[in-house]
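4 protein chains.
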Amino acid sequence: MSAEVVFIGLGNMGLPMATNLVRGGLTVMGFDLVAENVSKLVAEGGVQGASLADAVRQAKVVCTMLPASQHVQGVYLGEDGVFAHARPGTLLIDSSTIAPDVARQLGQLAAERGLEMIDAPVSGGPVGAKAGTLTFMVGGTAKGFDLAQPYLQKMGKALYHAGEHGSGQTVKVCNNMLLGIIMIGTAEALQLGMANGLDPKVLTEIISKSSGSNWVLNNCNPCPGVMPAAPASNGYAGGFGVDLMLKDLGLAVENALSTRCSVPLGALARNVYDLHSKAGNGKLDYGSVFEMLSKQ
Amino acid sequence: MSAEVVFIGLGNMGLPMATNLVRGGLTVMGFDLVAENVSKLVAEGGVQGASLADAVRQAKVVCTMLPASQHVQGVYLGEDGVFAHARPGTLLIDSSTIAPDVARQLGQLAAERGLEMIDAPVSGGPVGAKAGTLTFMVGGTAKGFDLAQPYLQKMGKALYHAGEHGSGQTVKVCNNMLLGIIMIGTAEALQLGMANGLDPKVLTEIISKSSGSNWVLNNCNPCPGVMPAAPASNGYAGGFGVDLMLKDLGLAVENALSTRCSVPLGALARNVYDLHSKAGNGKLDYGSVFEMLSKQ
Amino acid sequence: MSAEVVFIGLGNMGLPMATNLVRGGLTVMGFDLVAENVSKLVAEGGVQGASLADAVRQAKVVCTMLPASQHVQGVYLGEDGVFAHARPGTLLIDSSTIAPDVARQLGQLAAERGLEMIDAPVSGGPVGAKAGTLTFMVGGTAKGFDLAQPYLQKMGKALYHAGEHGSGQTVKVCNNMLLGIIMIGTAEALQLGMANGLDPKVLTEIISKSSGSNWVLNNCNPCPGVMPAAPASNGYAGGFGVDLMLKDLGLAVENALSTRCSVPLGALARNVYDLHSKAGNGKLDYGSVFEMLSKQ
Amino acid sequence: MSAEVVFIGLGNMGLPMATNLVRGGLTVMGFDLVAENVSKLVAEGGVQGASLADAVRQAKVVCTMLPASQHVQGVYLGEDGVFAHARPGTLLIDSSTIAPDVARQLGQLAAERGLEMIDAPVSGGPVGAKAGTLTFMVGGTAKGFDLAQPYLQKMGKALYHAGEHGSGQTVKVCNNMLLGIIMIGTAEALQLGMANGLDPKVLTEIISKSSGSNWVLNNCNPCPGVMPAAPASNGYAGGFGVDLMLKDLGLAVENALSTRCSVPLGALARNVYDLHSKAGNGKLDYGSVFEMLSKQ
Chain A
1 MSAEVVFIGL GNMGLPMATN LVRGGLTVMG FDLVAENVSK LVAEGGVQGA
51 SLADAVRQAK VVCTMLPASQ HVQGVYLGED GVFAHARPGT LLIDSSTIAP
101 DVARQLGQLA AERGLEMIDA PVSGGPVGAK AGTLTFMVGG TAKGFDLAQP
151 YLQKMGKALY HAGEHGSGQT VKVCNNMLLG IIMIGTAEAL QLGMANGLDP
201 KVLTEIISKS SGSNWVLNNC NPCPGVMPAA PASNGYAGGF GVDLMLKDLG
251 LAVENALSTR CSVPLGALAR NVYDLHSKAG NGKLDYGSVF EMLSKQ
Chain B
1 MSAEVVFIGL GNMGLPMATN LVRGGLTVMG FDLVAENVSK LVAEGGVQGA
51 SLADAVRQAK VVCTMLPASQ HVQGVYLGED GVFAHARPGT LLIDSSTIAP
101 DVARQLGQLA AERGLEMIDA PVSGGPVGAK AGTLTFMVGG TAKGFDLAQP
151 YLQKMGKALY HAGEHGSGQT VKVCNNMLLG IIMIGTAEAL QLGMANGLDP
201 KVLTEIISKS SGSNWVLNNC NPCPGVMPAA PASNGYAGGF GVDLMLKDLG
251 LAVENALSTR CSVPLGALAR NVYDLHSKAG NGKLDYGSVF EMLSKQ
Chain C
1 MSAEVVFIGL GNMGLPMATN LVRGGLTVMG FDLVAENVSK LVAEGGVQGA
51 SLADAVRQAK VVCTMLPASQ HVQGVYLGED GVFAHARPGT LLIDSSTIAP
101 DVARQLGQLA AERGLEMIDA PVSGGPVGAK AGTLTFMVGG TAKGFDLAQP
151 YLQKMGKALY HAGEHGSGQT VKVCNNMLLG IIMIGTAEAL QLGMANGLDP
201 KVLTEIISKS SGSNWVLNNC NPCPGVMPAA PASNGYAGGF GVDLMLKDLG
251 LAVENALSTR CSVPLGALAR NVYDLHSKAG NGKLDYGSVF EMLSKQ
Chain D
1 MSAEVVFIGL GNMGLPMATN LVRGGLTVMG FDLVAENVSK LVAEGGVQGA
51 SLADAVRQAK VVCTMLPASQ HVQGVYLGED GVFAHARPGT LLIDSSTIAP
101 DVARQLGQLA AERGLEMIDA PVSGGPVGAK AGTLTFMVGG TAKGFDLAQP
151 YLQKMGKALY HAGEHGSGQT VKVCNNMLLG IIMIGTAEAL QLGMANGLDP
201 KVLTEIISKS SGSNWVLNNC NPCPGVMPAA PASNGYAGGF GVDLMLKDLG
251 LAVENALSTR CSVPLGALAR NVYDLHSKAG NGKLDYGSVF EMLSKQ
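Protein chains in written order, with our numbering: chain A, 1 to 296; chain B, 1 to 296; chain C, 1 to 296; chain D, 1 to 296.
Don't read these hints as lab results, they were simulated from the structure.
Some clues are possibly wrong.
Because identical chains share one entry, a pair is satisfied inside a single copy or across any pair of copies.
Stated by the list, open to error - Here are the simulated DSSO-like cross-link-like pairs (lysine-lysine), alpha carbons at most 30 angstroms apart as the crow flies:
(1) Lys157 / Lys143
(2) Lys209 / Lys130
(3) Lys278 / Lys60
(4) Lys154 / Lys278
Model, not experiment: these values are computed from the prediction.
With the sequences and hints as input, model every part of the structure.
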């Protein structure tokens with residue numbers, strides 16, 4: 001049994017992504033440490049496989065969607081890793097969010113073996129993964145980006161080629177560090193206005209037309225009641241979790257250490273989310289820092 | 001000699017604002033500690049006055065554009081202040097950027113005397129003042145806002161009624177604190193990307209379509225070369241000076257102390273601009289913090 | 001009825017201080033908004049008074065121990081204030097913790113009226129006030145400091161003359177800002193060590209003999225169990241409350257704004273204690289930030 | 001040719017340390033990438049060696065003093081590393097300052113090979129290394145600590161056993177993070193006092209007897225003129241360099257990321273020193289942050 005695409009990591013992101021590849025007409029063989037996740041993909045039309053090594057040897061494309069750098073290194077490297085079994089020319093797409101350094105290193109090792117690897121982290125979360133509307137930020141060669149497009153288009157709607165190996169991860173780290181900073185800054189501004197008697201809706205409307213305007217304020221306002229559909233108006237359920245933001249800010253600070261960058265606000269933002277998570281809010285939407293600034 | 005409008009404070013903001021009132025067909029009598037500034041307004045068609053007290057007694061509208069809270073208190077309060085001489089019903093428009101507390105107090109004192117006062121700080125800078133395209137953020141009664149509109153429209157193009165007395169100042173303080181935070185955050189993100197080999201134009205383009213998108217990134221990008229017309233591409237000349245941002249962040253932190261708000265990022269941002277100013281960069285555009293993060 | 005000393009403000013600091021003056025053989029007439037507090041002083045041998053104005057007119061020394069700047073201004077200034085009634089030559093001792101600017105201004109106004117005023121804030125807390133072991137940090141003239149010594153010695157054991165009017169407050173603000181920073185820093189260092197498996201007692205012992213040594217680590221270690229007598233080992237009860245530290249850090253940041261100082265760590269420390277207080281810990285000892293860094 | 005002690009890394013710390021072992025009566029064979037450094041040790045009585053592998057095979061003790069984690073890993077691991085050649089029972093002393101994680105890992109690998117390794121980073125700098133007055137913070141078994149004492153005592157005067165493998169590094173990281181925080185806090189407090197007219201010597205004296213007292217204030221005061229022998233009074237020459245402090249704070253933040261600790265002040269301190277270094281002050285004593293807060 002073989003398949004055009006092998007998809008490794010069928011969690012709450014990987015499963016809907018792989019499912020969209022199946023719906024796009026491709027044969028997809030899925031692998032996951034949890035057997036039940038594989039069964040779910042088979043129920044959607046995926047192919048059941050026995051040996052990952054065999055599957056990789058016969059695949060045209062290998063996709064991975066894993067929790068962190070060490071898992072990605074574990075799957076690609078080593079005697080039984082993807083690199084050891086993939087035929088030259090195989091396209092490797094890693095959509096995990098990992099350290100840019102690791103993505104760079106893997107991309108180079110792949111190239112040395114004649115494999116075409118891209119780092120292609122996403123934004124859009126489980127909702128975007130299901131809807132097939134993810135944004136992909138891609139690092140790798142122009143050829144790798146071109147080869148990947150037909151596959152990525154079945155899972156997302158916006159594809160950006162950021163630069164060489166690791167560049168997709170770098171863009172994601174930079175964007176999310178800025179996002180994490182802006183969320184706290186927006187929460188501070190709204191709290192300060194309210195403490196002076198302003199209506200947060202009026203304040204939001206005026207800032208949205210002024211120099212403080214930003215995506216967070218306009219799309220996932222952290223003040224309950226300002227936007228009925230935002231996580232803030234639904235008990236900070238759904239959305240982008242504090243612990244996920246914390247992971248991304250950790251990657252940013254780690255990268256800043258190795259590249260000798262100054263990130264005073266980024267580093268403080270990480271610590272603010274960390275304190276918020278330690279107080280028991282790790283699973284809430286990251287906009288819940290608004291509550292941290294106002295408790296009692 | 002009398003005039004419909006008395007305008008106090010003819011600096012690099014007040015003079016072009018008063019001039020636009022003149023061009024709008026109004027008689028405007030100007031006052032300033034620097035006689036030359038008054039002459040400039042007269043040269044534009046303004047009316048020369050002798051006594052401020054007399055002028056205020058006969059005016060329909062008094063506008064002020066002064067450096068800081070203490071100057072505004074000095075002009076309005078005391079035996080020889082505007083409050084002492086203005087006839088009931090006079091409209092008072094203060095466009096200075098001052099502490100919300102002070103604006104609130106002045107507005108209440110004015111109301112007790114039968115005067116209609118609004119706080120109406122602006123954004124847009126000297127360029128917007130000359131072009132008559134300022135944004136006004138207004139605090140005061142609905143009646144005060146309505147009465148002021150014909151005058152404000154001759155000086156600006158966007159008018160927002162934020163709420164009661166002091167609300168205009170509060171909106172400005174909130175917006176500019178957020179702006180100051182976002183500028184540093186954006187500079188950090190761009191530096192981090194470049195340290196990883198990314199092209200800042202590509203990074204800017206991708207983030208501008210992602211969740212980190214914000215007005216600073218899209219309109220006055222702090223990385224030299226990304227936007228040819230931005231201060232960053234012109235040696236950080238023009239634009240919004242570090243020392244002006246520092247003043248506004250000082251108002252924000254001061255207000256946070258009196259309202260017991262937490263503003264961890266706002267407070268850190270103030271200190272970052274303060275260190276940058278102490279290193280001799282107070283007159284440069286605030287986007288020059290980008291250079292602070294990359295020197296050597 | 002008259003008394004050598006008039007003592008205004010008989011709270012949990014003022015009452016034991018006034019009591020120690022009584023025990024030192026002085027006649028002390030006390031005033032407080034809470035009648036019960038006055039009765040407590042009378043029970044200790046204090047003199048009951050009727051009119052504050054009369055009392056001040058007949059006193060040799062007036063002491064004040066009040067919550068904040070506005071209360072001190074209220075008691076000394078105005079038509080019915082201490083300045084209006086005190087005879088030339090009266091010694092005025094304000095032991096409240098207030099803004100250096102306000103202390104400076106009051107000291108100058110007193111001098112203009114021929115009164116000898118000192119600002120003499122204390123450290124040592126209610127325990128030191130009862131034991132008569134307070135530390136006094138004094139601002140004012142050398143003559144004022146000399147005149148005050150016999151009185152201060154009955155309430156404390158260490159007296160420092162810091163400089164001109166306001167200098168006592170400045171020293172207290174500087175010391176407590178540094179204290180607030182060091183407490184958080186010490187908590188961070190202990191947590192980091194423990195997360196790496198170190199015994200906090202061993203870590204404390206080694207750092208106490210190294211360059212990180214400081215008063216907090218050696219005298220009120222924030223890690224429960226390291227020092228049996230410290231608040232940390234008693235549920236963070238007693239000690240120096242988070243909200244009091246927050247007040248002092250507020251004075252520091254306010255002063256930094258008016259003197260254009262950079263206090264990046266001081267400003268962040270204020271926000272950390274503010275977040276900790278907002279989470280419901282305002283009454284605990286300030287060492288409880290240790291728990292904030294480790295919750296869950 | 002053989003020697004009891006092999007010493008690898010003869011820089012401005014390693015050379016005087018190895019020299020003190022020679023003076024203590026031991027035969028010491030030195031190795032360094034710079035041949036001249038080896039010659040210097042030979043001139044002091046050290047033994048010239050040819051093969052590092054041979055030397056290690058015959059040694060009783062191997063000491064290393066290297067710049068960073070990767071150098072230490074390079075020397076101990078790999079086919080030609082110390083672990084590959086040392087006889088069972090050899091004592092390995094690494095005095096480099098490296099990541100606790102790496103020290104832990106090396107200690108465990110050594111134990112698996114029957115080698116007795118300790119991590120023994122030092123404080124005291126080149127001055128202490130020459131004088132033989134270094135402080136050693138040791139991680140490893142009690143047996144390892146005992147075996148090492150006779151050697152460490154020839155190079156230092158204070159020896160602390162902090163705990164298991166890696167604990168010496170952890171103590172150093174914790175102490176130096178706290179030190180870095182306290183230096184900035186002390187500089188902020190002194191600047192704030194001076195901006196209010198206080199004499200920094202008087203302020204130092206009072207705080208040194210109060211709750212803000214700490215080693216930095218009392219031993220290497222950052223305000224020029226307060227202590228004639230301190231680096232601050234000598235153009236911030238000598239002392240502990242900004243870039244070395246930056247390296248240690250980098251290790252602290254990196255460790256905080258991997259152990260999920262919150263270090264808001266430690267992370268901000270790192271960024272403050274980083275900005276200071278980027279402005280061209282990396283080689284000055286770390287107390288020069290005092291100047292950063294006061295420039296102009």
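Hint check results:
1. Lys157 / Lys143: Within one copy only: 19 angstroms inside a chain, 49 angstroms across chains, cut-off 30 angstroms.
2. Lys209 / Lys130: between (33 angstroms within a copy, 21 angstroms between copies)
3. Lys278 / Lys60: Neither: 44 angstroms inside a chain and 48 angstroms across chains, both beyond 30 angstroms.
4. Lys154 / Lys278: Neither: 38 angstroms inside a chain and 46 angstroms across chains, both beyond 30 angstroms.
Checked against the numbered hints given earlier, the structure breaks hints 3, 4 and satisfies all the rest.
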